[in-house]
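S.K.: Based on the provided sequences and hints, a complete structural model is requested.
Number of protein chains: 2
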Amino acid sequence: MTQLCNYTYDEITIGQQARYKRAVREQDIQLFAAVSGDVNPLHLDAEFAATTRFGERIAHGMLTAAFISAALAMELPGPGTIFMEQSLRFRLPVKIGDEITVELEVIEKNDRRKSVALDCRAINQHGKVVVTGTALVIAPDEKLSLPRPAEPRARIGD
Amino acid sequence: MTQLCNYTYDEITIGQQARYKRAVREQDIQLFAAVSGDVNPLHLDAEFAATTRFGERIAHGMLTAAFISAALAMELPGPGTIFMEQSLRFRLPVKIGDEITVELEVIEKNDRRKSVALDCRAINQHGKVVVTGTALVIAPDEKLSLPRPAEPRARIGD
Numbered sequence: 001m002t003q004l005c006n007y008t009y010d011e012i013t014i015g016q017q018a019r020y021k022r023a024v025r026e027q028d029i030q031l032f033a034a035v036s037g038d039v040n041p042l043h044l045d046a047e048f049a050a051t052t053r054f055g056e057r058i059a060h061g062m063l064t065a066a067f068i069s070a071a072l073a074m075e076l077p078g079p080g081t082i083f084m085e086q087s088l089r090f091r092l093p094v095k096i097g098d099e100i101t102v103e104l105e106v107i108e109k110n111d112r113r114k115s116v117a118l119d120c121r122a123i124n125q126h127g128k129v130v131v132t133g134t135a136l137v138i139a140p141d142e143k144l145s146l147p148r149p150a151e152p153r154a155r156i157g158d
Numbered sequence: 001m002t003q004l005c006n007y008t009y010d011e012i013t014i015g016q017q018a019r020y021k022r023a024v025r026e027q028d029i030q031l032f033a034a035v036s037g038d039v040n041p042l043h044l045d046a047e048f049a050a051t052t053r054f055g056e057r058i059a060h061g062m063l064t065a066a067f068i069s070a071a072l073a074m075e076l077p078g079p080g081t082i083f084m085e086q087s088l089r090f091r092l093p094v095k096i097g098d099e100i101t102v103e104l105e106v107i108e109k110n111d112r113r114k115s116v117a118l119d120c121r122a123i124n125q126h127g128k129v130v131v132t133g134t135a136l137v138i139a140p141d142e143k144l145s146l147p148r149p150a151e152p153r154a155r156i157g158d
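Going line by line, the protein sequences match chains A and B. Its first residue numbered 1, the first sequence is counted upward by one per residue in my numbering. Its first residue numbered 1, the second sequence is counted upward by one per residue in my numbering.
Keep in mind the hints are simulated off the structure, nothing from the lab. Honestly, I wouldn't trust all of these hints.
No farther apart than 27 Å at their CA atoms in a straight line, the calculated lysine-lysine pairs in the DSS-like style are these [to be verified]:
id: 1; chain 1: A; residue 1: K95; chain 2: B; residue 2: K114
id: 2; chain 1: A; residue 1: K143; chain 2: A; residue 2: K114
id: 3; chain 1: B; residue 1: K128; chain 2: A; residue 2: K114
id: 4; chain 1: B; residue 1: K95; chain 2: A; residue 2: K114
All values reported here derive from a predicted model rather than from experimental measurement.
M.R.: And the structure:
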């Protein structure tokens with residue numbers, strides 16, 4: 001079983017990077033609609049979406065933001081991170097079947113608050129930047145290494 | 001069947017407000033973990049969460065952000081909105097059973113870009129502000145009134 005590890009504040013260095021990859025499946029858009037309540041036809045109805053400037057269904061922007069927050073919580077700094085602030089700029093639409101890679105880079109440390117600022121970029125399989133932003137987190141003070149929990153299995157339908 | 005309506009750029013006024021309410025169920029945290037890949041034990045494992053500063057499982061911060069984006073997409077401006085930017089400040093933890101109300105208020109309009117800035121606040125059932133931020137969106141130019149789609153039913157497990 002793989003381990004879920006973190007980087008403590010003291011271990012983190014300016015310029016440190018991490019990556020987190022995630023594919024956007026048809027089901028993810030349905031699940032995101034179920035969990036957020038955003039059932040906008042741009043996300044769920046192919047016929048409606050064809051009439052919009054996007055020409056096809058697109059993922060909720062906040063789904064990509066969820067990948068960014070997962071990258072922070074799972075990779076850098078990892079478990080024990082406290083999420084303080086996030087800025088997001090939605091640059092390009094994300095479509096069903098896209099493979100999104102979140103790239104994180106540490107740009108600032110604040111010794112007094114034990115906070116860390118990270119540059120966040122989400123990039124699609126064509127190398128295009130779809131979302132950018134900056135995260136501010138409190139880094140863990142305790143080293144953790146836990147068995148990596150399995151992802152819950154979710155499905156759409158009764 | 002209720003309708004899903006929007007406000008066009010021209011209809012929107014500074015100071016205009018909207019609300020969007022959503023309860024955080026146990027299942028929502030599982031679904032958010034499944035969709036984002038963030039299986040941090042702080043969200044999923046009661047025993048682990050009891051050892052943290054929060055004392056119990058908390059929701060992913062980005063789940064509340066998903067409610068904010070749903071408020072923009074479903075209520076104000078509503079369908080046809082293009083999401084440009086979002087800032088988020090996570091102020092207090094959100095727990096299972098919390099009832100979150102997102103309050104939106106229009107604070108700025110830009111006639112050239114047809115963009116609208118909205119102040120966003122997510123408040124729990126005790127009246128405490130859990131997340132604040134500002135959204136920048138392009139408002140719809142076309143009036144829409146659609147049959148409100150049903151929320152997809154999602155469940156955890158095989």
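S.K.: Take the hints in turn and mark each one as holding or not.
M.R.: Against the structure, the hints come out as follows:
no.: 1; hint: A:K95 - B:K114; result: holds, 25 Å
no.: 2; hint: A:K143 - A:K114; result: holds, 14 Å
no.: 3; hint: B:K128 - A:K114; result: holds, 25 Å
no.: 4; hint: B:K95 - A:K114; result: holds, 25 Å
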